[in-house]
Structures are given as structure tokens and as C-alpha cells.
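Put together the whole structure using the sequences plus the hints.
Protein chains: 4
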Amino acid sequence: MEIGRKLWVIAEGYIPSGSSGPAPQLTSHETACILNPSDRAAEIELTIYYPDRDPVGPYRVTVAPRRTCHLRFNNLDDPAPIPRDTDFSSVVRSSEAVVIQHTRLDSRQPAHALLSALAWSDR
Amino acid sequence: MEIGRKLWVIAEGYIPSGSSGPAPQLTSHETACILNPSDRAAEIELTIYYPDRDPVGPYRVTVAPRRTCHLRFNNLDDPAPIPRDTDFSSVVRSSEAVVIQHTRLDSRQPAHALLSALAWSDR
Amino acid sequence: MEIGRKLWVIAEGYIPSGSSGPAPQLTSHETACILNPSDRAAEIELTIYYPDRDPVGPYRVTVAPRRTCHLRFNNLDDPAPIPRDTDFSSVVRSSEAVVIQHTRLDSRQPAHALLSALAWSDR
Amino acid sequence: MEIGRKLWVIAEGYIPSGSSGPAPQLTSHETACILNPSDRAAEIELTIYYPDRDPVGPYRVTVAPRRTCHLRFNNLDDPAPIPRDTDFSSVVRSSEAVVIQHTRLDSRQPAHALLSALAWSDR
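Top line first, the protein sequences correspond to chains A, B, C and D. According to the numbering used here, the first sequence holds residues 1 to 123 in order. According to the numbering used here, the second sequence holds residues 1001 to 1123 in order. According to the numbering used here, the third sequence holds residues 2001 to 2123 in order. According to the numbering used here, the fourth sequence holds residues 3001 to 3123 in order.
Since the hints were derived computationally from the structure, they do not count as laboratory data. Where is the CB? At the ideal position from N, CA and C, for every residue including glycine. Check before you lean on any hint, since a few could be wrong.
Claimed, not checked - Just the calculated beta-carbon pair ranges, DEER-fashion:
| hint | chain 1 | residue 1 | chain 2 | residue 2 | range |
| --- | --- | --- | --- | --- | --- |
| 1 | B | S1020 | D | A3080 | 32 to 38 Å |
| 2 | B | E1043 | C | D2085 | 44 to 50 Å |
| 3 | A | P22 | C | A2080 | 42 to 48 Å |
| 4 | B | N1074 | C | D2039 | 28 to 34 Å |
| 5 | B | P1022 | A | E43 | 38 to 44 Å |
| 6 | C | E2043 | B | D1085 | 27 to 33 Å |
| 7 | C | G2018 | D | T3062 | 38 to 44 Å |
| 8 | B | P1022 | D | A3064 | 36 to 42 Å |
| 9 | B | S1017 | D | N3075 | 36 to 42 Å |
| 10 | A | D85 | C | G2018 | 33 to 39 Å |
| 11 | B | E1043 | D | P3083 | 45 to 51 Å |
| 12 | D | A3080 | C | A2080 | 37 to 43 Å |
Stated by the list, open to error - Heads up, incomplete: computed chain C residues facing chain B, CB under 7 Å, no partners named:
| hint | residue |
| --- | --- |
| 13 | C2033 |
| 14 | P2037 |
| 15 | T2068 |
| 16 | T2103 |
| 17 | A2111 |
Stated by the list, open to error - Pulled from the structure, derived: some chain D residues nowhere near chain A, Cβ distances all over 12 Å:
| hint | residue |
| --- | --- |
| 18 | I3003 |
| 19 | P3022 |
| 20 | A3023 |
| 21 | P3024 |
| 22 | Q3025 |
| 23 | S3038 |
| 24 | R3040 |
| 25 | P3055 |
| 26 | N3075 |
| 27 | P3079 |
| 28 | P3081 |
| 29 | S3095 |
| 30 | A3097 |
| 31 | R3108 |
Spelled out as C-alpha cells, the structure:
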């Protein structure tokens, strides 16, 4: 049985510019945790949506078969870095069925905060 | 393929009256992150439900095509502001399919806390 | 159109016994946020499941039509209070379709932490 | 009516190696909260996926009928402990329908942080 979906949406997105604590673990970051449980490489395309300008993308990532990728949005830079302190949303399309969960670590203040939510998929 | 749904529910809702840290980033807030991936403007109507009085609404917001809107409940004021330190829930109806995720930043104490959850939609 | 479901599960449950900060807002608590958007009173029954003993319930709560109830598990006491510092899960059945989101405020340490997740429903 | 599903995915996974505060309550941990509302024991198998090596498993756990198990990934050690400070994902298969929610307590810094999300299931 196939596990997952090929289209996911993370409506929340925000990378705080400030951080406290040792890098990279406690650097403020926004992550899409992508599990590819299939036996084929998953070719992933992300499109980033903003409040006041056109979407940017696709960003391309490959997740190997039977591997997980905790993708930090902080590290995306092609076609363009994602600006800090800016609201965004993302749409993720995959060649294979995957499962995506969204997590943020916010260390703007010394005791960091966390959030996580299941991404949305059409079922 | 259409992405999203036209009816969403956020059962949790609470805007803390207290905040610490620089405004507006670290002002305690409650947010509905709304992605409109479609090619048409999404006319959004929110209704706010309370524990002990009739629902208030609709609040109206337009999300432009292919844009995201991280809507702070703190800023809603027509037909009426949402009281602080008060439990509420919200129902969101949209003219176009959208995806909604709920986030709170609570900075009542100096090291702020975060929560996030996917909103509920009928699938 | 009916909004919501009549059966919900919150697999996570834990009420920390310790708290810091002013009560009741910052008392450590576990909450089921229940929205009843219907025009009829929702008769709610909760059953609490434990790791090592039989389930306890039903706990009964009524949510009036078009009202929300942010139900603190801390306050349940009939048929029995829920012990602190104890893992549990809950199953919620409702006479009307409702939507449920789960939230915890944990103030065992002075800067409180938050978590939230959509409850699970059969769709 | 059967409650739950037999296949679940938690795409996020990370056990911080550091902790502050009294153990075991405030030890940094990653938890799968598993409710087995059925009348039969649920035989659970977990497989852990990593970014850069083959999946490890199955880990086997039994959840008794009508019981909850808040399973700490920290405690899994057969066939191998889960390394700290390492990204992972998990796939959970159960002989009976169950419901799973994911929670992390991160106490690397003195004021701990929490996150929680519903696990993903095929509906």
C-alpha cells in the first residue's frame, strides 16, 4: 500500500531573524519534515507564497528512497533565499507519495519555543 | 487540481492581553494563516463563537490570488474587536478553496510560547 | 451543511501538577476546545483511557447551540477527578457534529510552554 | 464502530541530547501517544527512517485493550537505540485500529518547550 500523498500545503511560514543559543541546533528555523517511505527517489518541488508579491519557485529537493529529509527553509537559496521576518506559505509537490510535518524552532528569546503541525493534504 | 477547501474551523482561540518583548513581532497574537493558491481572489468570511453569547460576524477579508494572508485576530474590529483573555472559536468560509493553519504566540511571560495546529476541514 | 463530526479522539493527555504564574490563566492545564456550530445543544460524553487501568467515564458536558466550550480536563470530577502527572487519552462522543482541538499550557517552569493539535476524527 | 487506523506516520522526530530539570518528567523526550480503544491487544510495529542510512526496525510494542501508551522513543532499544540529536521519521503499523498523536518536550534550555501534532493516517 502506498503511504502518503503527492501534494501538501503548509499555510504557516515565518523564519525569525534573531536567534540565541548554539548554532545550528538552536538557530531559529522553519522545517518541513518529509518522509519518503517509497522505494523510488521523491523529486520534490516547493513553491513559496507571499502576502504581497508573486510566488517564488520551484525549489527542488530530492529525497532518496526510504529516507527522511528535515528540510530547513533557512537553507533554500535557489531560485532565491526566503527573507527573514516575513510571512509565507508553501505548496509542496512530490513525484512519490510522502508525508510532511511542519516544525518551527524560535529562539529569538533565550528559552526557545517550538510549534509543529501536520501539513495539509488532499485525502 | 483545486487545492484546499472552502470551509474551515479553528476550535481553539484566545488572545492573551499581556505581552512582553518588542511589538508587533512579539505581541501576543492569534493568527489564521490562509493560503489562497487559486487564480481568483478569495472572499473570506469569519464568524467568531463564544462560550456565553451569540456568535459575532461575519468579519470580511479578501486574500488576493496566489497570496498568503497571516491574519491576526487581534486586528479584527468590524463588526467588533475580539475581547482579550476570552475563549473563542472561529468558522471560516471562503469563496475559493484555501488552506488554513492556526498559530498563537503567547508572550505573557518573557520567554514566549508558541502553538500551531492545522485547522479542521471537511474533506 | 453539517460542520464537524460526532466522534473525536485526543490521544495525548497529561495534566502537570506544578504551576507557576497567576491562577487560573497560567495554571497548568489540558483543554479540549469544543465548537458546537449547530442549532441544537450538543450532549458530550468523554471517556478517559489510562495506561494501566480501566477507562473512566462517561464525563458529561453540554455545549449550547452556537457556542464554544474550552473544557479544562482539570475541572472534570464526576465520576472521578483526572489524576495529575498521569498519561491519559480521551474519546469524545457528541450528539451533534462538533469540532475539537486539543491544547495544553504547561507552567511547571516560569516561562510556560504551549502545545496544540487538531483532535482526530473519522472523516 | 471501529475507532482509528492501522497505519500512522510521524514525519518529525528528534530527541535532544540535553535536558534540564528533574528526570524523567522534564527529560527531553519524543513521544508517540497511542490509544487502543479496541477490545483486543494492539501489536504495534515501528520503523524508524533516517536521512542517510537504511530504516531500522521493527520495534515491537503491545498496547493492551482499552489502554493508552505514551511511548517514549528515548526508551526504544531493540533492535537499536535511537541516536540523540538526529533527525528521524517513524511509520507505525498496528494489528488493531489505534489513534496516534506526537509530542516532544525539549528541555535543552531551562524553560522547556513543547510541540504536538496529530500523526498522519490514511483515511
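Of the numbered hints stated previously, which ones are contradicted by the structure, given in increasing order? Numbers 1, 7, 8, 25, 31 - these are the hints that the structure violates, sorted from lowest upward.
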